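Produce the complete structure using the sequences and hints provided.
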Amino acid sequence: MLFRSASKAARIIRRYGADRAFFGTDYPMWDPEEEMARFLRLPLTDGEREQIFHLNFEAFLRDLG
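If you want our numbering, it's the position in the sequence shown, counting the first as 1, plus 1.
Please note that a few of the clues may not be correct.
Said to hold, decoys possible - If you anchor each label on the Cβ, the simulated ranges turn out as follows:
| hint | residue 1 | residue 2 | range |
| --- | --- | --- | --- |
| 1 | Arg-21 | Leu-41 | 18 to 28 Å |
| 2 | Ser-6 | Asp-64 | 16 to 26 Å |
| 3 | Gly-66 | Ser-8 | 30 to 40 Å |
Bear in mind the hints are in silico, worked out from the structure with no lab data behind them. In this text, all values refer to a predicted model and were calculated from it rather than measured experimentally. For each residue, glycine too, the CB sits at the ideal point set by N, CA and C.
If you want it as structure tokens, here you go:
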């Protein structure tokens, strides 16, 4: 998210739906700890963060099964 402001990134996530996003990094290009810190600074609700950090991926894996 280096190229987006925090508020713009949050608007994009909400436009497409927090239920359609996963958290990930482009390691080794960027440091995962820095990317997580940057993500945590986004103006998102705790519920949106929980979806993006793990609930969406858990649902994705269940759907594969």
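Results for each hint:
no.: 1; hint: Arg-21 - Leu-41: 18 to 28 Å; result: holds, 20 Å
no.: 2; hint: Ser-6 - Asp-64: 16 to 26 Å; result: violated, 33 Å
no.: 3; hint: Gly-66 - Ser-8: 30 to 40 Å; result: holds, 37 Å
Figure legend: structure checked against the earlier numbered hints; the only hint not met is number 2.
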